[in-house]
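Taken in sequence, the protein lines are chains A and B.
Residue 1 is where the first sequence starts when you use my numbering, and the numbers rise one by one after that.
Residue 1 is where the second sequence starts when you use my numbering, and the numbers rise one by one after that.
It is possible that part of the hints are untrue.
[What the hints assert, rightly or not] Calculated cross-link-like contacts (lysine to aspartate or glutamate; reagent style DMTMM-like; alpha-carbon spacing at most 25 Å):
#1 K70/A - D3/A
#2 K262/B - E276/B
#3 K223/B - E185/A
#4 K286/B - E279/A
#5 K223/B - E197/B
#6 K54/A - E272/A
#7 K223/B - E181/A
#8 K70/A - E105/A
#9 K262/B - E185/A
#10 K54/A - E66/A
#11 K261/B - E272/A
#12 K27/A - E279/B
#13 K262/B - E272/A
#14 K261/B - E276/B
#15 K278/A - D137/B
#16 K27/A - D137/B
#17 K278/A - E279/B
#18 K286/B - E276/B
#19 K261/B - D3/A
#20 K286/B - E256/A
#21 K262/B - D3/A
#22 K70/A - D30/A
#23 K27/A - E224/A
#24 K286/B - E272/A
#25 K278/A - E275/B
#26 K27/A - E224/B
#27 K223/B - E24/B
#28 K261/B - E181/A
#29 K54/A - E270/B
#30 K70/A - E269/A
#31 K54/A - D3/A
#32 K278/A - E256/A
#33 K54/A - E123/A
#34 K27/A - E76/A
#35 K262/B - E164/A
#36 K278/A - D143/B
#37 K261/B - E269/A
#38 K223/B - E130/A
#39 K27/A - E185/A
Just so you know, these hints were derived from the structure itself, not from any lab.
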Amino acid sequence: MADFLIRVEGLRYVYGAGSEAPVEALKGVDLAVPRGEWLALIGHNGSGKSTLAKCLNALLLPTAGEVWVKGLNTRERAHWLTIRQTVGIVFQNPDNQFVASTVEEEVAFGPENLGLPPAVLRERVDEALEISGLTALRQANPHSLSAGQKGRLAIASILAMRPECLILDEATAFLDPLAREAVLELLGRLHQQGMTLIMVTHHMGEAALADRIVALAEGRIALEGDPRAFFADEAALRRLNLSAPAAVAVAAGLRERGVALPPILTERELVEALVNVKERLWAR
Amino acid sequence: MGEVILSVRNLHHTYLQGTPLAREALRGAHLTVRRGEIAALVGESGAGKSTLLRFLNGLLTPTERGCVTILGQDTADPRTDLSALRRRVGLVFQEAHQQLLERFVGDDVAYGPRQLGLAREEVRSRVYEALRAVGLDPDLFVDRHTFSLSGGEMRRVALAGVLAMRPEVLLLDEATTGLDPQGRQEVHRLLRALREEQGVTIVLVSNDMEEVAALADTVTVLKEGQTVLEGAPSQVLTQPERLRALGLAEPPTVRLAWALKKAGFPLAGEPMRSEELVEAIWQGMKG
Numbered sequence: 001m002a003d004f005l006i007r008v009e010g011l012r013y014v015y016g017a018g019s020e021a022p023v024e025a026l027k028g029v030d031l032a033v034p035r036g037e038w039l040a041l042i043g044h045n046g047s048g049k050s051t052l053a054k055c056l057n058a059l060l061l062p063t064a065g066e067v068w069v070k071g072l073n074t075r076e077r078a079h080w081l082t083i084r085q086t087v088g089i090v091f092q093n094p095d096n097q098f099v100a101s102t103v104e105e106e107v108a109f110g111p112e113n114l115g116l117p118p119a120v121l122r123e124r125v126d127e128a129l130e131i132s133g134l135t136a137l138r139q140a141n142p143h144s145l146s147a148g149q150k151g152r153l154a155i156a157s158i159l160a161m162r163p164e165c166l167i168l169d170e171a172t173a174f175l176d177p178l179a180r181e182a183v184l185e186l187l188g189r190l191h192q193q194g195m196t197l198i199m200v201t202h203h204m205g206e207a208a209l210a211d212r213i214v215a216l217a218e219g220r221i222a223l224e225g226d227p228r229a230f231f232a233d234e235a236a237l238r239r240l241n242l243s244a245p246a247a248v249a250v251a252a253g254l255r256e257r258g259v260a261l262p263p264i265l266t267e268r269e270l271v272e273a274l275v276n277v278k279e280r281l282w283a284r
Numbered sequence: 001m002g003e004v005i006l007s008v009r010n011l012h013h014t015y016l017q018g019t020p021l022a023r024e025a026l027r028g029a030h031l032t033v034r035r036g037e038i039a040a041l042v043g044e045s046g047a048g049k050s051t052l053l054r055f056l057n058g059l060l061t062p063t064e065r066g067c068v069t070i071l072g073q074d075t076a077d078p079r080t081d082l083s084a085l086r087r088r089v090g091l092v093f094q095e096a097h098q099q100l101l102e103r104f105v106g107d108d109v110a111y112g113p114r115q116l117g118l119a120r121e122e123v124r125s126r127v128y129e130a131l132r133a134v135g136l137d138p139d140l141f142v143d144r145h146t147f148s149l150s151g152g153e154m155r156r157v158a159l160a161g162v163l164a165m166r167p168e169v170l171l172l173d174e175a176t177t178g179l180d181p182q183g184r185q186e187v188h189r190l191l192r193a194l195r196e197e198q199g200v201t202i203v204l205v206s207n208d209m210e211e212v213a214a215l216a217d218t219v220t221v222l223k224e225g226q227t228v229l230e231g232a233p234s235q236v237l238t239q240p241e242r243l244r245a246l247g248l249a250e251p252p253t254v255r256l257a258w259a260l261k262k263a264g265f266p267l268a269g270e271p272m273r274s275e276e277l278v279e280a281i282w283q284g285m286k287g
């Protein structure tokens, strides 16, 4: 049996349960995340992605159903500390999570509370600043940073906790293109080192980097699969009103004009396929 | 071509000037926007985009070097009525949740029109119209608590609140960030309609080069507080090496086109949008 870091069964979540206008954000979600998987969670605004993410580290508790992290049920208060150390979340609005007056202290805040020895703490902070490209800004005030820098700081402060699973809730949304590439490269490295990644995103090019894509619609899982299978299901993508990464979209446009192409996911695959097609045409 | 309605010349700005926390945000920014245009403002994080946007509705005024003219009025001139200008130039902030002031969506969108002293019925019709424009069903949303909204819904409500003021100029600081692709398309359609039907001038800050390619008439690139490149998207976004040197990246379509050319595929022109690239590849195959 696969080693699942996270398991979700029949998860329902209702905001304002018992109030006049309850909103059912999750209507029965089953999901198992193997250790080391890179999972992309996509779906329209209000489809329940962020709610699901918050249920995965006990920030929200199920209205019905169960969530286990490393076999620990999130309903048990005694497990919360372990669960939150295991699963770290980087949010969309990093301002909400800054507590310190310098970048360095901000990154140190989490690991400091774990009671680590000073040398280990120093090493973790330095490493987290380095990989997130913030070393030069270590003395700056977090609130004086630009949006992109804040995004990277939010990731750095979670990384310093060395979680087993990192959840990014649209954490790249405010980054400029190069900062986004840097963060994605960082995620690639963390993935290679065996970290479990769950990335909530609207960016289909980003989702294509994952091992598996799960699309939520109206609080339920509407489509899932590895990126190749996922983006190949054009009918389902249309039905769910989801877009495709650039290379997939261009390939689809060419197929509509009758060009025979193999399955395409990445830009490199499209370039190779087209060069092949052209060479065959020239050979005639 | 319309007359110039926003003009920024050699603008400098330092936050917390004269304190140890002083930070130079703008050091020689230029911008020209003509009536009815959609102008994009791009640049790496920290380049000064959001700061420049705050000058365009008089939230900030030049205190050092530089000159800002909005709708023909110099914002540094003490005779200029800045609050009157702000009613004509609406700004949607990057952090939409910070723009929501009221408990209920309907009250929030009504906030501006009420400040204008409009009659109840007029306020109500503006609220309904603005919510519909941003793709939210007014009957479902007017009584929703603002804190129960998702991130994308908050952005739409913030935008609706500004639209309800019927501004001549709309300033958007990453207004589609965090919206799903469908929502983004809807906002694009809305912005084009505002421009076509009401002649609204739009300045948008964006990190999404596909969005800029799809929407903008002009692009201004900022780096370290200075304007370093200006032109039509077809000129600016098709220079991947130049863009990367400026801390930006080309749209995926342009990257694909370059990779194809490098691999020896005959591709004419500088396709920038997906449909254009499909067409160029098709032509290349036939040729």
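These are the hints, each one checked on the structure:
Restraint check for K70/A and D3/A: satisfied, since their Cα atoms lie roughly 9 Å apart, inside the 25 Å limit. Note on K262/B and E276/B: the hinted pairing holds, with a Cα-Cα distance of about 18 Å set against a maximum of 25 Å. Taking the CA atoms of K223/B and E185/A, the gap is about 23 Å. The hint holds against a cut of 25 Å. Pair hint K286/B plus E279/A holds up; C-alpha atoms about 12 Å apart against a cutoff of 25 Å.
Restraint check for K223/B and E197/B: the C-alpha separation of about 34 Å exceeds 25 Å, so the hint is violated. Between K54/A and E272/A the CA atoms are separated by roughly 41 Å; this puts the pair beyond 25 Å, and the hint is violated. Taken as a hint, the K223/B and E181/A pair is honoured in the structure, with Cα atoms around 18 Å apart against an allowance of 25 Å. Among the hinted pairs, K70/A with E105/A is inconsistent with the structure: their alpha-carbon atoms are about 30 Å apart, more than 25 Å.
About 24 Å separates the Cα atoms of K262/B and E185/A, which keeps this hinted pair within 25 Å; it holds. Under the criterion of a C-alpha separation no larger than 25 Å, the hint pairing K54/A with E66/A is consistent with the structure, at around 13 Å. Pair hint K261/B plus E272/A holds up; C-alpha atoms about 12 Å apart against a cutoff of 25 Å. A C-alpha spacing of about 43 Å is found between K27/A and E279/B, which places the hinted pair above 25 Å, so the restraint is violated.
Distance restraint check for K262/B and E272/A: the Cα-Cα separation of roughly 11 Å lies within the 25 Å cut-off, and the hinted pair is therefore satisfied. Distance restraint check for K261/B and E276/B: the Cα-Cα separation of roughly 15 Å lies within the 25 Å cut-off, and the hinted pair is therefore satisfied. Of the supplied pair hints, the one linking K278/A and D137/B is violated, its CA atoms being roughly 50 Å apart against a limit of 25 Å. For the hint linking K27/A to D137/B, the alpha-carbon distance of about 22 Å falls within 25 Å, and the restraint holds.
Restraint check for K278/A and E279/B: satisfied, since their Cα atoms lie roughly 15 Å apart, inside the 25 Å limit. For the hint linking K286/B to E276/B, the alpha-carbon distance of about 16 Å falls within 25 Å, and the restraint holds. Of the supplied pair hints, the one linking K261/B and D3/A is violated, its CA atoms being roughly 45 Å apart against a limit of 25 Å. This hinted pair checks out: K286/B and E256/A have alpha carbons roughly 15 Å apart, not beyond 25 Å.
A C-alpha spacing of about 44 Å is found between K262/B and D3/A, which places the hinted pair above 25 Å, so the restraint is violated. Under the criterion of a C-alpha separation no larger than 25 Å, the hint pairing K70/A with D30/A is consistent with the structure, at around 16 Å. Our distance criterion of 25 Å between C-alpha atoms is met by K27/A and E224/A, whose separation comes to about 17 Å. Restraint check for K286/B and E272/A: satisfied, since their Cα atoms lie roughly 18 Å apart, inside the 25 Å limit.
Note on K278/A and E275/B: the hinted pairing holds, with a Cα-Cα distance of about 20 Å set against a maximum of 25 Å. A hinted pair counts as satisfied when its Cα atoms are at most 25 Å apart, and K27/A with E224/B does not qualify at roughly 47 Å. In summary, the hint linking K223/B to E24/B is supported, as the alpha carbons are separated by about 12 Å, within the 25 Å threshold. Between K261/B and E181/A the alpha-carbon distance is near 23 Å, which keeps this suggested pair within the 25 Å criterion.
A threshold of 25 Å between alpha carbons decides the hint, and for K54/A with E270/B the separation of about 44 Å lies outside it, so the pair is violated. The suggested pairing of K70/A with E269/A is violated, with an alpha-carbon distance near 37 Å, which exceeds 25 Å. In summary, the hint linking K54/A to D3/A is supported, as the alpha carbons are separated by about 22 Å, within the 25 Å threshold. The straight-line distance between the Cα atoms of K278/A and E256/A is roughly 17 Å, inside the 25 Å bound, and the hint therefore holds.
A C-alpha spacing of about 29 Å is found between K54/A and E123/A, which places the hinted pair above 25 Å, so the restraint is violated. A hinted pair counts as satisfied when its Cα atoms are at most 25 Å apart, and K27/A with E76/A qualifies at roughly 22 Å. Restraint check: the Cα-Cα separation between K262/B and E164/A comes to about 41 Å, which exceeds 25 Å; the hinted pair is violated. Between K278/A and D143/B, the direct Cα distance comes to roughly 59 Å. Violation of the 25 Å bound is thereby established for this hinted pair.
With a C-alpha separation of about 15 Å, the suggested pair K261/B and E269/A falls inside the 25 Å cut-off, and the hint holds. This hinted pair checks out: K223/B and E130/A have alpha carbons roughly 23 Å apart, not beyond 25 Å. For the given pair, K27/A sits about 34 Å from E185/A by alpha-carbon distance, which is inconsistent with the 25 Å threshold.
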